[in-house]
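Asks: Please construct the entire structure, taking both the sequences and the accompanying hints into account.
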Amino acid sequence: MSILEQRHDMPAFRLALRAWFAQTVPPDWQQRMTGASHEDFRAFQYWWLEELNKVGLATPHWPAKWGGEDLSIAHQIVFFEELARADAPDPVMFTISLYHLPATLAMWGTQAQIDRYLPGARRGEVWCQGFSEPGAGSDLASLRTSAIRAGDNYIVNGQKVWSSYAAYADYYLLLARTDPTAPKHLGISCMIVDLKSPGIDIRPIRQITGDSEFCEVFLDNVVVPVANLIGPENKGWQVAQSTLSAERGLLVFALAERMNRLFYKLFSDAPATDAEWPKDDQLRREFVRAYADLQAVRRLIRTMLDAIQRSDDAGDLPPIIKILYGETLQRSCELWTRIEGLNGQIHRPTYISGGYAKGRWMMDYLNSWTWTIAGGSNEILRNVIAERQLGLPKEPRG
Amino acid sequence: MSDENPDDSALLEAVSAVLQSECSLSDVRKYVSGDEGLSRTLWKQAIELGWLGIAAPEAYGGGGLDFRSLATIYEQLGRHLAPISFLQAQLCIDALIRVGTDMQKRNWLEPLIAGSIRGAVSLGDGALALKLSRVGSLVRIDGTALIAHGHSVGLLVVFARDVSGTLSAVVVDRKQSTVEVAPTRIHDGTRMLSLASFDACEIPAENVLAEDGAAIQLEDHLTDHAAIALACDSIGGAFAIFALTVEYLKTRTQFGRLIGSFQALKHRCATLKVGLEASRAMLTAALEEREQHSGFSSAYASLTKFHACDMYVTASAEAIQLHGGIGFTWESPCHVFLKRAKLNQALFGDSAWHQDRAARLLLSSAA
Chain A
1 MSILEQRHDM PAFRLALRAW FAQTVPPDWQ QRMTGASHED FRAFQYWWLE
51 ELNKVGLATP HWPAKWGGED LSIAHQIVFF EELARADAPD PVMFTISLYH
101 LPATLAMWGT QAQIDRYLPG ARRGEVWCQG FSEPGAGSDL ASLRTSAIRA
151 GDNYIVNGQK VWSSYAAYAD YYLLLARTDP TAPKHLGISC MIVDLKSPGI
201 DIRPIRQITG DSEFCEVFLD NVVVPVANLI GPENKGWQVA QSTLSAERGL
251 LVFALAERMN RLFYKLFSDA PATDAEWPKD DQLRREFVRA YADLQAVRRL
301 IRTMLDAIQR SDDAGDLPPI IKILYGETLQ RSCELWTRIE GLNGQIHRPT
351 YISGGYAKGR WMMDYLNSWT WTIAGGSNEI LRNVIAERQL GLPKEPRG
Chain B
1 MSDENPDDSA LLEAVSAVLQ SECSLSDVRK YVSGDEGLSR TLWKQAIELG
51 WLGIAAPEAY GGGGLDFRSL ATIYEQLGRH LAPISFLQAQ LCIDALIRVG
101 TDMQKRNWLE PLIAGSIRGA VSLGDGALAL KLSRVGSLVR IDGTALIAHG
151 HSVGLLVVFA RDVSGTLSAV VVDRKQSTVE VAPTRIHDGT RMLSLASFDA
201 CEIPAENVLA EDGAAIQLED HLTDHAAIAL ACDSIGGAFA IFALTVEYLK
251 TRTQFGRLIG SFQALKHRCA TLKVGLEASR AMLTAALEER EQHSGFSSAY
301 ASLTKFHACD MYVTASAEAI QLHGGIGFTW ESPCHVFLKR AKLNQALFGD
351 SAWHQDRAAR LLLSSAA
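As given, the protein sequences belong to chains A and B, one line each in that order.
Here this note's numbering is used: position 260 in the first sequence is 260, and no number is missing along the way.
Here this note's numbering is used: position 305 in the second sequence is 305, and no number is missing along the way.
Hints were generated in silico from the structure; no laboratory data involved.
Certain hints may be false.
FRET-style restraints, in silico, Cβ to Cβ [to be verified]:
# : chain 1 : residue 1 : chain 2 : residue 2 : range
1 : B       : D220      : A       : A141      : 54 to 64 Å
2 : A       : K279      : B       : D220      : 20 to 30 Å
3 : A       : P119      : B       : S364      : 46 to 56 Å
4 : B       : E247      : A       : G210      : 45 to 55 Å
5 : B       : R360      : A       : P27       : 31 to 41 Å
6 : B       : T101      : A       : P27       : 55 to 65 Å
7 : B       : R40       : A       : E395      : 42 to 52 Å
8 : A       : K279      : B       : T166      : 21 to 31 Å
Chain A is faced by these chain B residues, among others (derived, beta-carbon under 7 Å) [what the hints assert, rightly or not]:
#  : residue
9  : G260
10 : Q263
11 : A281
12 : A358
For glycine and all other residues, C-beta sits at the position ideal for the given N, C-alpha and C.
Replies: Here you go:
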């Protein structure tokens, strides 16, 4: 019986997943991916997606009519728990393809777009997101990349930034201004751009880690068919909201579970290795405080997933969880750089995917700012909590 | 939150309704300024409504509900700054139910549940000062201990060590003993501490509740209970003072704007909100671990104790600053919350003590 055929018996489903991860995940994948070339990373990601696809686990959350499995959130929770338990890679290169694109098309796409793009996304066409611009970060709605209608096409000009994995990508989910005269939220459209189109220049950005996951993308008179519009013209802001709420908390769930497993290993290995940090009052107590925050965020994520299952509404929790996870991650990584002392400052390359807290602490620490800045900086999220949840009066806005 | 079962929410509504009408902020303010009526009326209410025995077995006149019902009451008492020693009564009841002999239960459990005697437990560092020795069929206790509440206490459960270091838990019935209990004025205006002095205080041997391993287990069990209870009290109080603070920022105008529109203040509120939700989630996790009797339940009790108590201090300290000058006045409720928070933080093991306890339990869980 296949793994997914055992879904009606949750313990059996879990054991089948566990067995599959055990036999499929290469035990040395982290070593192989450490300091790997872009080509090796890419090849490994394609291989992993293919393995997941063989057993229906790349797109189990997709609706059956799109070739998915309609897998419930409860089952996906088990999937991600077992993924974390196996310390398996994440198909990070395909996050937009597997989560954000289908969520966006489900809400706004035409049948033609669904038929045309989803099968490819499932097989491994890489999608990335073209939202932020150099002048439009936190103030995303002020974006200036223009799409001017010319017959059946738009002519797109502008510059995008922070597109994850754009260097490997085939397609772009682009936000561009289609009505420069409308108020800023009302003149934006969302469209699909083939990244092989003439006029596109993709340049990786070197980050503080030395790696380059993110790219700048320059668009110079790029021709995009009007048929590639997702949702109505000038409704791009609403379309983008569906994109941004795509993964329903499951990815942060997996990250928190991974971090919990690592923390468990850290304290369970400590007595046997006669580690010094538990003997130091300050380090030990800081560790316990971070551990408590981690348990709190894990519990909040469960509450959010329960709410999504019950009423399809995550409520107030997403920005609270993002801040708490990001800050717990950052604080823990910083703590461990101190526990490691001078040794921790020796440069050790890392690998992509497999969570944010990997035990390569200085690298993890540097990388942790992706959590506190990307996808709504903690400052923007605090505005959201204060104004929309606590009902504090709005700041005057331009 | 959304995790409650229907029984809990019915109880929550009932308890909350009583406290809203009997223990309003202005009632508490009067109490703090010297009018002692509130403590008596609330204690009477707690007796009449069966709160004292809510989690005790029905055979002893209790309500037979689970620990979660107690947690609901603890949180509401904290939210309304209730000036009664409910927790101490519960710890005595819990100790007797857990390890009491039939005779001990007969003697003390029903009066505790009926509220006709008040109980208090002395645990932790203060208790270590108590010395125990045996004199024929009597045990003798010497030393002093600072105990939470202790106001007109009739029954004390104390932990004491003999010369060999062996721990015992003993019931001290004030009717039968020479212990002196002197209430002490403290900063928290809603509760008190008492100094219990034992001077060659002789107690019948049948009052011993537990010895050695069993006493250690009992102390651990009561520590978990007290830790979770204080976390509940702290979360109730922290959410209450936070709500008052946010409301204040929506009404106070300076520079021609509501001060809540300033981002500098907004962000501090959002940071508090994140911390408060984290504390509540940590408490939920601790209650679940306790219900599942998991190997982590004591560690989680300690985690929730320091997390919630520290958060309560932060939320009430921030409340004073965010209220500005008015928050520094005796009239404002801010100081009442802060002082209760500071006592919670120090009671039954402070934050560092609970962090160390959690660390010890986590590290040994792996071995």
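Asks: If a hint holds in the structure, say so; if it doesn't, say that too.
Replies: Here is what the structure says about each hint:
Take B:D220 and A:A141: their Cβ atoms lie about 56 Å apart, and the range 54 to 64 Å holds. Checked against the hint of 20 to 30 Å, the C-beta distance between A:K279 and B:D220 comes to roughly 23 Å, which is consistent with it. Taking the beta carbon of each, A:P119 and B:S364 are about 53 Å apart, inside 46 to 56 Å as hinted. At about 49 Å, the beta-carbon gap between B:E247 and A:G210 stays in the expected band of 45 to 55 Å.
Under the hint 31 to 41 Å, the C-beta atoms of B:R360 and A:P27, about 33 Å apart, fit the expected range. Remark: the range hint 55 to 65 Å for B:T101 to A:P27 is upheld by a beta-carbon distance near 57 Å. The supplied range of 42 to 52 Å is met by B:R40 and A:E395, whose beta-carbon atoms lie about 49 Å from each other. For the pair A:K279 and B:T166, the supplied restraint of 21 to 31 Å holds, since their beta-carbon distance comes to about 28 Å.
At about 4 Å, the closest approach between the beta carbon of B:G260 and any beta carbon in chain A falls short of 7 Å, and the interface hint on this residue holds. Annotation: interface hint on B:Q263 holds; nearest CB of chain A at approximately 6 Å, less than 7 Å. Annotation: interface hint on B:A281 holds; nearest CB of chain A at approximately 4 Å, less than 7 Å. Against a cut-off of 7 Å between C-beta atoms, the interface hint on B:A358 holds, since the closest Cβ of chain A lies about 5 Å away.
Consistency note: the structure conflicts with none of the earlier hints.
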